[in-house]
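Undergrad: If you want the building blocks of each chain, they are given just below.
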Amino acid sequence: MDLSFPNASLASKTCSDTNNLIYGLEFQSRSLCSQVAESNEVRFFMATQSLQPNNQIHLVKVDDDLKLQAKVFSYDLGEVWKLNSSPHNPDSLLACFSKQKLGSAQILTQTSLLTLPQDDEVEEKSGEFAKFSKIEILDTEIYGNEVKTTEFHPTDEKTLATVVDSKIVIFDRTTGQSRIAAEIAGKNPTNFTTGKWSQHHQGNQFIACQDTCVRSYDIREQNLCAWQIEDAHANNVRDLDCNPNKQCHFVTGGDDSSLKVWDSRMLGNKPVFSRTDHSHWIWSVRFNTFHDQLILSSSSDCKVLLTCAGSVSSEVQSDSGEEMEEQTKGKIADGLLQTFDQHEDSVYCVEWSNVDPWLFASLSYDGRLTISRVPKQFKYQILF
Amino acid sequence: MDQPSPSRSNNPYDLDGTTFDAERYLEKLLKDYTLKQIMDTETSIVRETQSLHSDMQTLVYENYNKFISATDTIRKMKTDFKQMETDMNLLKTKMESINTFSQNITGTLQGTRTQMSKLSEKHSLLSRLQFLSSLPAKLKTLLEDENYSEAVNEYMHAEKVFKQYGHQPSFQGIKQDCETIIKNLKEKLKEDFKSGKSAKSITETGELLLKLGEQPKDLADGMLQSSTQRLHEQIIMLQDQKERDMIEFVDMGIEGFLTDLTIVVTSYHDMFLREILEEERDDFHDNCTRQLNNFLNKNVDEYLSLIQDRVESETGYGGDTEIMLRGLDRLHRRLLAMKNMYQGVEINRNAMDIIISAAHQLCKVHQKNLKDHFSDNLSSLRLSLVSVKSDTNSLNLNELVSNLYVSTIEKAKGVLQDLLVFLQTEWSFNIKAEFKGSLCIDGIRENLLVEYLRHISKLMGSFADLNTSSSPPNLLLVLSKTCLELDQNGVHMLMSLVDELYDIESENSATLTHETEISASMRETAQLLLDSYVRLQGNNISQMLRKSVETRDWLNCLEPRSVRAVMKRVVEELTNIEKIVESFYDSTGGNGTRTSASSDSSRKTHFSAITPKQQFRTTWSNYTPSQLESTYASNIHKLFSEKVEIFTSVEFTKVSIITGIIKIGLKTLLECIRLRTFSKFGLQQVQVDAHFLQMNLWRFVTDENMVNLLLDEILGSAVHRCLESVLMEPNAVEIICERG
Chain A
3 MDLSFPNASL
13 ASKTCSDTNN
23 LIYGLEFQSR
33 SLCSQVAESN
43 EVRFFMATQS
53 LQPNNQIHLV
63 KVDDDLKLQA
73 KVFSYDLGEV
83 WKLNSSPHNP
93 DSLLACFSKQ
103 KLGSAQILTQ
113 TSLLTLPQDD
123 EVEEKSGEFA
133 KFSKIEILDT
143 EIYGNEVKTT
153 EFHPTDEKTL
163 ATVVDSKIVI
173 FDRTTGQSRI
183 AAEIAGKNPT
193 NFTTGKWSQH
203 HQGNQFIACQ
213 DTCVRSYDIR
223 EQNLCAWQIE
233 DAHANNVRDL
243 DCNPNKQCHF
253 VTGGDDSSLK
263 VWDSRMLGNK
273 PVFSRTDHSH
283 WIWSVRFNTF
293 HDQLILSSSS
303 DCKVLLTCAG
313 SVSSEVQSDS
323 GEEMEEQTKG
333 KIADGLLQTF
343 DQHEDSVYCV
353 EWSNVDPWLF
363 ASLSYDGRLT
373 ISRVPKQFKY
383 QILF
Chain B
68 MDQPSPSRSN
78 NPYDLDGTTF
88 DAERYLEKLL
98 KDYTLKQIMD
108 TETSIVRETQ
118 SLHSDMQTLV
128 YENYNKFISA
138 TDTIRKMKTD
148 FKQMETDMNL
158 LKTKMESINT
168 FSQNITGTLQ
178 GTRTQMSKLS
188 EKHSLLSRLQ
198 FLSSLPAKLK
208 TLLEDENYSE
218 AVNEYMHAEK
228 VFKQYGHQPS
238 FQGIKQDCET
248 IIKNLKEKLK
258 EDFKSGKSAK
268 SITETGELLL
278 KLGEQPKDLA
288 DGMLQSSTQR
298 LHEQIIMLQD
308 QKERDMIEFV
318 DMGIEGFLTD
328 LTIVVTSYHD
338 MFLREILEEE
348 RDDFHDNCTR
358 QLNNFLNKNV
368 DEYLSLIQDR
378 VESETGYGGD
388 TEIMLRGLDR
398 LHRRLLAMKN
408 MYQGVEINRN
418 AMDIIISAAH
428 QLCKVHQKNL
438 KDHFSDNLSS
448 LRLSLVSVKS
458 DTNSLNLNEL
468 VSNLYVSTIE
478 KAKGVLQDLL
488 VFLQTEWSFN
498 IKAEFKGSLC
508 IDGIRENLLV
518 EYLRHISKLM
528 GSFADLNTSS
538 SPPNLLLVLS
548 KTCLELDQNG
558 VHMLMSLVDE
568 LYDIESENSA
578 TLTHETEISA
588 SMRETAQLLL
598 DSYVRLQGNN
608 ISQMLRKSVE
618 TRDWLNCLEP
628 RSVRAVMKRV
638 VEELTNIEKI
648 VESFYDSTGG
658 NGTRTSASSD
668 SSRKTHFSAI
678 TPKQQFRTTW
688 SNYTPSQLES
698 TYASNIHKLF
708 SEKVEIFTSV
718 EFTKVSIITG
728 IIKIGLKTLL
738 ECIRLRTFSK
748 FGLQQVQVDA
758 HFLQMNLWRF
768 VTDENMVNLL
778 LDEILGSAVH
788 RCLESVLMEP
798 NAVEIICERG
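Residue numbers (the numbering used here), protein chains in the order written: chain A, 3 to 386; chain B, 68 to 807.
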């Protein structure tokens, strides 16, 4: 096993046998996202989580020779808990960070909207990190102390949704106004853990996880719950992802170490697909945007699993002849396809590349980024 | 007398010979004999001569008399013949006159005689005509007397005449009358034939109709049709006999339905099949056979379906199997007898199928009972677990396991014994002889027992799914233990019991399920349940730890003075769990010494004596003043230690179970701590807590290093998440922990 030490940053390495690329960060990290608006190169953002004021955001690029190239930005606001890149503008990035409140022993988590510098602005200064051309902090403090995530609207560039404490707040960037779209009632409500825009419903629905429940809110009205699943998982729901190609389908992962695919039209607390292959909590789940039968999940058991859920994928139901062919050809049995266990610590993040359908990145707490591929046999099975 | 020995006829010396020569005789005499002898010879010759002479005289005299009488007779005859001749002449003349007379008479009578013969001819014709003309009346009376066969016979006679003279106008009236009568008769007969009360009368009627020239084909069809109708009524009648028991029911069927059916078939067979009817086409025979077969099968099918329904309801309501089988046995005999009765007649279905299907049905019913019984057991078990509330009453749990185990096994045994009734030797059928039957017996093994074992394994396994069921943890433990018992003893016992009772060769069979397969699935379930138990208990502990980390304000806490209460509760909880688990899986191999440490004081003394603590502390010292290099330390540490699998399978030992629970709890603590930010005192509190856990957890587990490693990671992460990472003096930590 090739072990890359954290201080050997920028040292990229290719493992010939598994074709993995490994990249190391100096600090712990639990945030990763792909540059969604970039359509040519495989690029991932990741950010460090250090209590010292020396955090960084790395932009890692996989070039044509399958080598890693990295660009490091310094980030002085605080440790980063969550990164999201804009689907509209490749230079736009959201980072949830936390820092100690001035003058009190309290932690405040907020969202910063970052803009990458244009290429020509970058000066080649050795030993120094690049700077963001623009940093804007969203005003979330009035709503709560702990921002869990802020999400770009899938179609509307100017709308952001923030999950903060027990509220979902919508920011309208054109007017600069914000409003509460949903709030859990009660005196000491359990906070939301995360949330995501639904890919469908004209972008009017926002799905959020709270404790063991998953709820979908129609943001056009306040506290209008479109549907909800109570007890989706036995313990906390940690992450969710919407199937980009199939309406109403989404996947969740939770503390009961199981991965479940749901159809929001067929609730009643029965998932349409369920696997329990991890041996600890699942922290991240992702549909492959091109072949949505492929689902990645990462867990604190230090593993990343590739699961096939062909029976509930969009390629099953499609009636266009072309895809029908694909379905009959590329049929892989449902279940666990591959285990990736190159990580030494809990893997909190995993992301598909939005450019190469067979490539994905996973990031473990110790700062190791691994870029792996879907094994060839599955790729061919799906393609041919 | 001394005679010379050669006495041949030509001997010239023989006195009686024809060639006797007296001279030579004398010469010889004189020559050969003495005087004395000569003298003697002379006297004897003289004497002989004299006697011969007298004989001659007597003969002559006698014959003379006879001549005289003969002459007399001839003379008398001569006169008699003369008289006779005259008489004869007289006769002759008389005869001649008679002859002439007779000729005269014949000549005169000739005309009258021809007239006479004509008259007698006419007479006989007239008498015949009289029969014909009286026929309609006769037929009518016969019909009125319902003496149909006589009527038919009469008609048959007349019919020939009609054939001959029918064209003559004088007969036409009679013929028409007869025909109308016969037509009526036919109709009446047909009616009788169709609505015939008994099969016997049908046969008679049928034969009469045949004689009357009905089409055999139509008749055959009609017969079958009407019989079908009647038999159907019988079946309907039988359908209403719900309250009778199976034997009575079958007997009724045999006496009524089957007997009738037999009669119909017999008469049909006799009528249409036994003799080949000449006027019919060649394929008539085949057709009839086919139709009879159809008819028979249809009716037998109908009847057997009725029986089948009956059997189904019987088995459904838990009727007496023995009585039912007795009934079916009779039916089977009867059907076999029927089958052997005719050649060329086939009955497709037989009672075997019903018996076999009854066996199947019973299997199903029993299986359902078994399943219900087991479900009941489970719910009562669950109830007793919930109501008792885990008072760590270890005896109680063990009792529950054995109760569940024993009642499961015994119930299954009972069912197997019950079903043995099918194999009793007194039955006329041998269920195993038939292919389907032996399949059925295999079915008892496969579908009943194996299925049952699988079912309970699955049912118990379903409790292991924590997502769908919220079972009390002890239930999982009890079920797991029960499965294990079944795996180790129960499955083998039941499987060998069934093989023995039903004489099944399971060892070498390719189709039958091997007992190891069931055992394996039981064991799998046991494992599943135990894993769930560990998960459940681990989650309970996790929840405590998680809440304690999430709800505390780690940035604003005071310097630690004591171990947090939640840690003590965790240890208490683990001790409770250990006690319960101990009752099932106590001291396993080399770990006995650890489990014996029970009191607080002894634990502490142990603690100070063991070495890993020292190592543990040295690891910690890495972090103390500067946390900068901590990531290196933890990475290097991980390099040399194996990954800790959290939610994994545990072994069936106490230590392994508790270890599993502890792992889950500690991993949760680690992940929760990573999500928080700590102040100096917060970190120190974590340090104290970790140390307390380290002091108390070692005795539960096999691998202390595993606990140490996790605690190490917890503290490492806490150091990492600390704004001002200054650890407490190890001695101070120890003092706080020992104070409790």
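One should not assume that every hint holds.
[Said to hold, decoys possible] Heads up, simulated DSSO-like pairs for lysine-lysine below, C-alpha to C-alpha not over 30 angstroms straight-line:
#1 K145(B) - K272(A)
#2 K103(A) - K435(B)
#3 K103(A) - K614(B)
#4 K101(A) - K69(A)
#5 K272(A) - K747(B)
#6 K272(A) - K525(B)
#7 K614(B) - K101(A)
Simulated from the structure, these hints should not be mistaken for lab results. Bear in mind that the values here come from a model prediction, so they are computed numbers and not experimental data.
Undergrad: So if I understand the rule, the pair passes when the alpha-carbon distance is 30 angstroms or less; does K614(B) with K101(A) pass?
TA: Given pair K614(B), K101(A) holds - Cα atoms ~23 angstroms apart, limit 30 angstroms.
Undergrad: With the threshold set at 30 angstroms, check whether the alpha-carbon distance from K272(A) to K747(B) stays at or below it.
TA: This hinted pair is violated, its Cα atoms lying about 46 angstroms apart.
Undergrad: Straight-line Cα separation of K272(A) and K525(B) no greater than 30 angstroms?
TA: holds (20 angstroms)
Undergrad: For K145(B) and K272(A), compute the direct alpha-carbon distance and say whether it is at most 30 angstroms.
TA: Violated, at about 159 angstroms.
Undergrad: Next pair to validate is K103(A) with K435(B); report whether the Cα-Cα distance is within 30 angstroms.
TA: violated (67 angstroms)
Undergrad: CA of K101(A) to CA of K69(A), is that 30 angstroms or under?
TA: violated (35 angstroms)
Undergrad: Straight-line Cα separation of K103(A) and K614(B) no greater than 30 angstroms?
TA: holds (24 angstroms)
The structure fails hints 1, 2, 4 and 5 (numbered hints given earlier, in ascending order).
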